[in-house]
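Colleague: Chain by chain, the residues run as shown.
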Amino acid sequence: METRLTLNILALLARFLSGASARWIDSQPDTCQRIYFANHTSHMDSIVIWSALPREVRMLARPVGAKDYWTAGPIRRYLSYHVFNAILIDRAEIKVHRSPVDIMIREIGHTHSLIVFPEGGRNTTGEMGEFKSGLYYLCKRRPDLELIPVHIDNMNRILPRGEVLPVPLLTCVSFGPPIWLEQGEPKFDFLQRAREAVRRLKEM
Amino acid sequence: MWEPRTIGLIGGVLVLLGAATAVVHVLSRRDDTGLDTALIETFRLRVRAWWVLCTVLAAAFLLGQMVTMIMFGLISFWALREFITLTPTRPGDHRTLFWVFFLLTPLQFVLVGMGNYGLFSIVIPVYGFLFVPARIAMAGDYKRFLERTAKIQAGLLICVYCLSHAPALLTLNLPTDGWGPRARLLFFFILMVQLSDALQYAWAQIPSKHVIVPSINPNKTWEGLLGGTASVTLLGSMLWWATPFHGANWWMAGVMSTVIALMGFAGSITLSAIKRDRGVKDYGTLVEGHGGVLDRIDSTCFAAPVFFHLTRLWLGA
Chain A
968 METRLTLNIL ALLARFLSGA SARWIDSQPD TCQRIYFANH TSHMDSIVIW SALPREVRML
1028 ARPVGAKDYW TAGPIRRYLS YHVFNAILID RAEIKVHRSP VDIMIREIGH THSLIVFPEG
1088 GRNTTGEMGE FKSGLYYLCK RRPDLELIPV HIDNMNRILP RGEVLPVPLL TCVSFGPPIW
1148 LEQGEPKFDF LQRAREAVRR LKEM
Chain B
227 MWEPRTIGLI GGVLVLLGAA TAVVHVLSRR DDTGLDTALI ETFRLRVRAW WVLCTVLAAA
287 FLLGQMVTMI MFGLISFWAL REFITLTPTR PGDHRTLFWV FFLLTPLQFV LVGMGNYGLF
347 SIVIPVYGFL FVPARIAMAG DYKRFLERTA KIQAGLLICV YCLSHAPALL TLNLPTDGWG
407 PRARLLFFFI LMVQLSDALQ YAWAQIPSKH VIVPSINPNK TWEGLLGGTA SVTLLGSMLW
467 WATPFHGANW WMAGVMSTVI ALMGFAGSIT LSAIKRDRGV KDYGTLVEGH GGVLDRIDST
527 CFAAPVFFHL TRLWLGA
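Line by line, the protein sequences give chains A and B. All you need for the working numbering is the position in the first sequence, starting with 1, plus 967. All you need for the working numbering is the position in the second sequence, starting with 1, plus 226.
Everything labelled a hint here was simulated from the structure, so no lab data went into it. Careful, some of the hints might be misleading.
Claimed, not checked - Calculated from the model, a selection of chain B residues having no Cβ within reach of chain A, i.e. all distances over 10 Å:
# : residue
1 : G234
2 : R270
3 : R274
4 : N342
5 : Y427
6 : L541
Unchecked claim - Covered stretches of chain A (chain B as the covering partner; in silico rule of three or more C-beta atoms under 8 Å from a C-beta of chain B):
# : segment
7 : 1121-1127
8 : 1130-1136
What the hints assert, rightly or not - For the chain B half of the interface with chain A, some residues (derived, Cβ under 10 Å), not all of them:
#  : residue
9  : L323
10 : V326
11 : G518
Only a predicted model underlies this, so the values are computations on that prediction, with no experimental measurement involved. Note that CB positions come from ideal geometry on N, CA and C, so glycine has one too.
Just chain A, with the same shape it has in the complex:
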């Protein structure tokens, strides 16, 4: 990992570039183990959330990303290995006993938090897609983790899918109140509830 100073400068730079303002709605930043789950609209999403977190929290948060994307090119490799300390999932080699959920659980141990995008891919229309079931299995294994819904506004205008050049609009990252997987809650209900928790942040 790079020095704290480099990381702080990078976070400041990312904040300036994305113009992100962070809002905590009925929620407080905390260093306890959490899963931040957000809508996914652009490649910059992990960077934006990472930089919007307060320093102490940021040091513990690890974004989850696709290995093929985040290891392509020296800049992405540098960012994912040395800056975000990202957990990279090899999409080509998903095996039963080495599932992404296993990797995530093992990697975070009892200190780190996760930044995940349960829609899987980036949505194109601005409407959120259905959540994949990974979030549910993650919670089933670690029901003690707090789930913090995160909504990123405007990123789909800054760098829409298929565009290379960004337009420097201002983003707003909203963190909502934590939710947990209820005992015996069916998968479908839980995923709907989680998705709704992110969606309602848009209107607040």
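Given chain A's structure and the hints, the job is docking chain B onto it.
Modeller: Frame of chain A, contents of chain B only:
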């Protein structure tokens, strides 16, 4: 640069800011003033932001014309960010916006920096304004075409074109040569805009039923506008010695201040109307207590071109 006039102007501003800070200090200590605490808090944050503004301006002036240009360019860029963020655009506008941000905006300030009046006064309102609809049309999305074009054009005009006339003051050929008089001219302009904002706000605190446009801004009263304009005119006349107008007629500085106050009012009411339409209170969150950058510079944007052209006309530059 360190002429008695410059020192006098800087000293005056420091005294004014010092006094404001002292007032804030006293007011926040005492709780028997009967004033609204929210009002005092707003005032405190404003005073703090004025210190920031003055420090940045002073630093830019000390470092010269290039740095001042770049600073104003960055302010324009940020204001345009806030403007376009609030304005709904469609995916079809993406590439147009890219050129607007990364070509037209910097180009305008490069041309202003080169002092090329013939070019910088037409590049955006003629070629820029033709480019925007053409590039949107190329993207193939014709939904609400004119509306989208107009939004981007309005943003460019207010945030970039108009504001660039403030640093353009530095490139005018004044009767007295040198950096000092030019820097003082720009400083006088910014100072008058800020004072006119503050004084119009202060005069509007008088309980009144004469709200100018209740549907857009319930805080703007006729008392505020007239009282503010009159006091700014008076203050501006008293500062005539600091401006290049001192060689010409003594009343010029006063008239310029009146124009600044009226245009400042026009600017803030226009930007308020846009905010009203979008259902927001402020444009952004960069400077605490001051809303966004655009909330701070709305009056400057409208006053700058008029101030620039009148100065150019009268001082025969």
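Colleague: Now tell me, hint by hint, if it's right for this structure.
Modeller: Quick rundown of the hints versus the structure:
Distance check for G234(B) against chain A: the nearest CB is about 37 Å away, which clears 10 Å, and the non-interface claim stands. For R270(B), the shortest C-beta to C-beta distance to chain A comes to about 22 Å, beyond the 10 Å cut-off, and the non-interface label holds. Residue placement check: R274(B) keeps its beta carbon more than 10 Å from all beta carbons of chain A (closest about 19 Å). At roughly 26 Å, the least C-beta separation between N342(B) and chain A is larger than 10 Å, which holds for a residue marked as non-interface.
Under the 10 Å C-beta cut-off, the non-interface status given to Y427(B) relative to chain A holds; the minimum distance is some 25 Å. No Cβ of chain A comes within 10 Å of the Cβ of L541(B); the nearest lies about 37 Å off, and the non-interface call holds. For a cut-off of 8 Å, the count of residues in the segment 1121-1127 of chain A with a CB near a CB of chain B stands at 3, and the three-residue condition holds. With 6 residues having a beta carbon nearer than 8 Å to a beta carbon of chain B, the segment 1130-1136 of chain A meets the requirement of three or more and the stated coverage holds.
Because the closest C-beta pair between L323(B) and chain A is about 4 Å apart, less than 10 Å, the hint holds. Satisfaction of the interface hint for V326(B) is found here, the shortest Cβ-Cβ separation to chain A being roughly 8 Å, below the 10 Å cut-off. Interface restraint check for G518(B): the shortest CB-CB distance to chain A comes to about 9 Å, inside 10 Å, so the restraint holds.
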